[in-house]
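Protein chains in written order, with the working numbering: chain Y, 41 to 326; chain D, 58 to 328.
Just so you know, the hints here were simulated from the structure itself, not pulled from any lab data. These numbers come from a predicted model, not from an experiment. Heads up, the beta-carbon is just placed ideally off N, CA and C, and yes, glycines get one too. It cannot be assumed that every hint is accurate.
Restraint-style ranges between C-beta atoms, simulated for each label pair [claimed, not checked]: (1) D:SER107 / Y:LEU220: 57 to 63 Å; (2) D:LYS93 / Y:LYS110: 35 to 41 Å; (3) Y:THR231 / D:PHE115: 51 to 57 Å; (4) Y:PHE240 / D:PHE108: 48 to 54 Å; (5) Y:GLY228 / D:LYS65: 23 to 29 Å; (6) Y:GLY272 / D:LYS92: 22 to 28 Å; (7) D:ASP119 / Y:ALA270: 56 to 62 Å; (8) D:ALA314 / Y:ILE221: 31 to 37 Å; (9) D:PHE108 / Y:GLY272: 52 to 58 Å; (10) D:PHE115 / Y:ARG44: 29 to 35 Å.
Computed list of lysine-lysine pairs in DSS-like fashion (alpha-carbon distance at most 30 Å, straight line) [unchecked claim]: (11) Y:LYS97 / Y:LYS135; (12) Y:LYS260 / D:LYS320; (13) Y:LYS260 / Y:LYS110; (14) D:LYS65 / Y:LYS135.
Some residues of chain D that are not near chain Y, with every Cβ distance over 10 Å (derived) [unchecked claim]: (15) GLU67; (16) GLY70; (17) MET84; (18) LYS93; (19) ASP109; (20) ASP119; (21) VAL136; (22) SER142; (23) ALA152; (24) ILE227; (25) ASP262.
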Amino acid sequence: MRTRDLSYWLFLAPVLLALGLVVVVPMVLGLFYSFTAWNGIQTGEFVGFQNYINLFKDERFLDSLWFTTKFSVVSVILINFIGLSLALIVTSKIKTSSLLRTTFFMPNLIGGLILGFIWQFIFLKVFASVGEAVGMESLQAWLSTTETGFWGLVILMSWQMAGYIMVIYIAYLEGLPNELIEAAEIDGASTIQRFRYIIFPLVAPAFTVSMFLTLSNTFKLYDQNLSLTAGGPYNSTEMVAMEIFKTAFVQNAFAYAQAKAIIFFLIVAVIALVQVYINKRREVEM
Amino acid sequence: MRNRWNIKVEVLGILLAILWLLPFYLMFVNSFKSKKEIFLDTTSPPEAWSFDNYITAFQELDFLRTLFNSLLITVVSVVLIVLFSAMAAYALSRAKSKISTFLFFLFVSAMLIPFQSVMIPLVTVFGQFDMLNRGGLIFMYIGFGASLSIFLYHGALNNVPKSLDEAAKIDGANRWQVFWHIIFPILKPITVTVAILNIIWIWNDYLLPSLVINTTGSETIPLKMFFFFGEYTKQWHLALAGLTLAIIPVIIFYFFAQRSIIKGVSDGAVK
């Protein structure tokens, strides 16, 4: 097949059409609109960088960016720690291994919206009634403060994503060459040495993959945010994706929301490019 | 020594698994209780296993129709994504040229774009052409799902020798016949991965349908669930029955395909 054949273009036509109309055209239009006073119907006048200047003075936007960053950092650490622990548990020689894998992975199949509603019930009702029964004041009124909202989101995401990350670590752990580990054992390497000098370097790519996957997933979070806290109390647990949505469809500030969306894109793209860079560098080393 | 250590690990694993299932247990037992019973006690099994909440939730969710909408949209979108992405990846991998390299790069870079960055123009443009309906939604899923799918197919196709194409061509098959009868069947393992990744994502997606579907009767499960939950937010017994209903199809799917699902998700993330 050559690129000047008609068949080449016929094979590509459906996806080119879909990707073009759904991603490329809106992205280009969006970039253009972010420099205008667009209101969704009329393009309005060209305003240069005004929307971008405004958003750096917009406290609600900056707060959501800061909240998202904090949430992502804490979640990435916890999810990876729990995910790796679960992977180490289920790859040891135990009988219930596959049953445990199935269980830990299960929350990933269910939509974030539904999981958020289930946890809302747990935090609001179950926590309150257990707190009352055992006399723990700290279990009362969860999700009604910024702090409990923050930890509520962290708990929900750790519970949901740890099983996903576990699966990735398992893929690398099970790919480890057994002979190598046994050889080291025969040569007298201790458990710690074996982990430090053999297992760890071979599983290192799994860390990169998992870290960036959790980072980009938590940074872009929307559904769980909406169903668990809906941004409350007083928008203090509002993450960037939700803030952009509200700017656009609640305040109807389309061009301004689009400028925020472009900044959001730049942040997410930088995260992804750093990952690509790290992977490439490792490939060269190996 | 080693044996005792393994038993400890196993006990720890089982305890964690129970903790992991606890949210589902709480949802399940409370979905059978009355409003008053939930108020008194949220942790024990219900006094009586009454299905009253489920009957109400089933009707209010218009469950069969909502389930049908979710199935329709997911199945049609995934079938088209699989077919179109495999075709495109095949063309890109067989015609090596600057154009192919550029197009592949374009598809891969589209993966970097978060949905929120194109959301607003997308909805306004499709709104102007009267495409905010189920057909438009499926078309959008093809656009958003194609990138990762092409990437996965492209990787798999590099391991399918070109001599296979040529042998079939000598036998008089045309391009489409070669693709459909020889190449596509060989790609079956990666097709399973592509299908599973797209099923999980499309089935659970809330934001895109919430922006695109605005007629009563065409809602998907997450969308209907959102409205339902909003209406019954103070009536946890009904809300929990609705949530349980919404999860049942996923659990059934997981029960029958768990091996492929876990493999597919892991392949999709690692590659």
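Going down the list of hints, with the structure as the test:
| no. | hint | verdict |
| --- | --- | --- |
| 1 | D:SER107 / Y:LEU220: 57 to 63 Å | 59 Å, holds |
| 2 | D:LYS93 / Y:LYS110: 35 to 41 Å | 40 Å, holds |
| 3 | Y:THR231 / D:PHE115: 51 to 57 Å | 55 Å, holds |
| 4 | Y:PHE240 / D:PHE108: 48 to 54 Å | 53 Å, holds |
| 5 | Y:GLY228 / D:LYS65: 23 to 29 Å | 25 Å, holds |
| 6 | Y:GLY272 / D:LYS92: 22 to 28 Å | 24 Å, holds |
| 7 | D:ASP119 / Y:ALA270: 56 to 62 Å | 24 Å, violated |
| 8 | D:ALA314 / Y:ILE221: 31 to 37 Å | 33 Å, holds |
| 9 | D:PHE108 / Y:GLY272: 52 to 58 Å | 34 Å, violated |
| 10 | D:PHE115 / Y:ARG44: 29 to 35 Å | 58 Å, violated |
| 11 | Y:LYS97 / Y:LYS135 | 57 Å, violated |
| 12 | Y:LYS260 / D:LYS320 | 25 Å, holds |
| 13 | Y:LYS260 / Y:LYS110 | 13 Å, holds |
| 14 | D:LYS65 / Y:LYS135 | 12 Å, holds |
| 15 | GLU67 | 4 Å, violated |
| 16 | GLY70 | 5 Å, violated |
| 17 | MET84 | 5 Å, violated |
| 18 | LYS93 | 13 Å, holds |
| 19 | ASP109 | 18 Å, holds |
| 20 | ASP119 | 17 Å, holds |
| 21 | VAL136 | 12 Å, holds |
| 22 | SER142 | 6 Å, violated |
| 23 | ALA152 | 4 Å, violated |
| 24 | ILE227 | 15 Å, holds |
| 25 | ASP262 | 7 Å, violated |
Of the numbered hints given earlier, the model fails hints 7, 9, 10, 11, 15, 16, 17, 22, 23 and 25; all others are met.
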